[in-house]
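Asks: The primary structure of each chain is shown beneath.
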Amino acid sequence: MRHPKVKPFEAELERMLGEASWLLSHAQALADYGREEEAVTEITRAANCEEQVAYRLDAAGREQEAVIHRISAASCYEQLGQYARAVTLLRAALSRALLEEHRAEIERQLTRCLAKAHKPLRRASSHVARVQAAAG
Amino acid sequence: MKTVESMIEDIIAAHPDLYLEHCAVMAVALMSRKSLKPYEFMVTCEGLNLSSNVEKSLLLRVSWDEFTAAKAHRMWQTEQRKAIAERAAVALGALLFAKLVPEAKMRVTRLGERADFWLPRLQCALEVSGTESHSELSRRHREKIVQVLSNPLQWNAHVIVCCFDAPHGYIEWSYHEQE
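Chains S and P, in that order, are what the protein sequence lines are.
If you count by the working numbering, then the first sequence holds residues 1 to 136, one letter each, in order.
If you count by the working numbering, then the second sequence holds residues 137 to 315, one letter each, in order.
I should point out that these hints are in silico values taken from the structure, not numbers from a laboratory.
Keep in mind it's a predicted model, so treat the numbers as computed, not measured.
Be careful, since some hints might not be right.
[Stated by the list, open to error] Going by beta-carbon spacing under 10 Å, a handful of chain P positions derived as facing chain S:
no.	residue
1	Pro-152
2	Leu-154
3	Ser-286
Glycine is no exception: its CB is placed at the ideal position from the N, C-alpha and C atoms.
Same shape as in the complex, but just chain P:
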């Protein structure tokens, strides 16, 4: 199985069209409560056309610096856990694209209170979600597939759902074409 190692702070330079520092901090807030660094994710991929080194699964090993850890500690006191899991998942999604599909450029728009992510160079919509409950992972993934395929541009879609569990996390990442 391919292993990808990265610092979470790498997402900041990799995605110049997004302000992602707070997402990185929230990811560290969650990961550091589940395990010592590096935190590992078992990533399962479905329908993706990545490099030949990546097949159906990979190991993502994420580390972080002390500055981010200090911010994460402060954030944990103030934020709601559900909001942390959602933002943390955006950080992991951004990290996966930065490392494995670097030509993808993430952007965001708003619809009401909802943030919609897009990959304009790939002409794809992107749905990202996070949870701390492993039992919720697959159900959440199915919901997000339906949701993202109804995107108003009718673009094909990537779905990334992250579970921040102990001692390691899980990520389900899939690609879907419009019928």
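The shape of chain S in the complex, shown without the other chains:
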């Protein structure tokens, strides 16, 4: 029995790199046209694709390129308001060797995302405190 041909890893990676790029540019175009809901859908797809691309680039030993795509995914998640996911990706990017200027830029983005990620937590904990105080 013949097995279906498995797509070579590199070819699949190239396809995903192309798809991520297309989704990012399409999301930008939709935003330019003011079609915000469709843009959000496309940014979500782009974020997922960029994240997958980063894992595969790591596996292929292309670590510096993986960093670029991890940051790209993080930027999408930041735009979507998914700050915790952005923080995870940015921290992973910062764990690699980076140019000083680039590191500083990512650290600024991380600080921004952390501040936004903590806001809902602070709101939730102060709400719990109020509820406990009222009950006590």
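Following the hints, complete the assembly by docking chain P onto the known chain S.
Replies: Here is chain P on its own, set in the frame of chain S:
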């Protein structure tokens, strides 16, 4: 001087990894306000290793179809001019690569709000910028060279800066190696 003639819509098929239709529309929005079609750019090249027919300068003659023109007219009512010039420049950059370096494949990633373009087959970063002010062209070009050479992959870089002026435009296109 070599003349390159093209339809702006050619970029859509030439770059399958990018959605460029809106950039083409924005380019037409600007060009059609500066001149009747075709719109011409004086392109100066620096450090490029293109075909022997292209030396330090070329004339790029760009045309467009009526469908794109109608979209461009509608877009002009809604978009900010600065954003139009930047997207329009991406269209012209994509057109230059499609016609003169067809093996180059443009891709994009994001860093915060910024779009970073790459030419992975050439292992190059690409910076593209647009303006309507001729006096700004050279200064903008110098800024972009510094910016793109600090790319995180430390790849060599192409810089394309487009000026949409009347009656014709200017493009400065240069290639830079890391020191």
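Asks: For every hint, state whether the structure bears it out.
Replies: Here is how each hint holds up against the structure:
1. A cut of 10 Å between beta carbons decides the hint on P/Pro-152: the least distance to chain S is about 7 Å, and the hint holds.
2. For P/Leu-154, the interface hint holds, since its Cβ comes within 10 Å of a Cβ in chain S; the closest pair sits about 5 Å apart.
3. With a cut of 10 Å, the hint placing P/Ser-286 at the interface with chain S holds, because the nearest CB-to-CB distance is about 5 Å.
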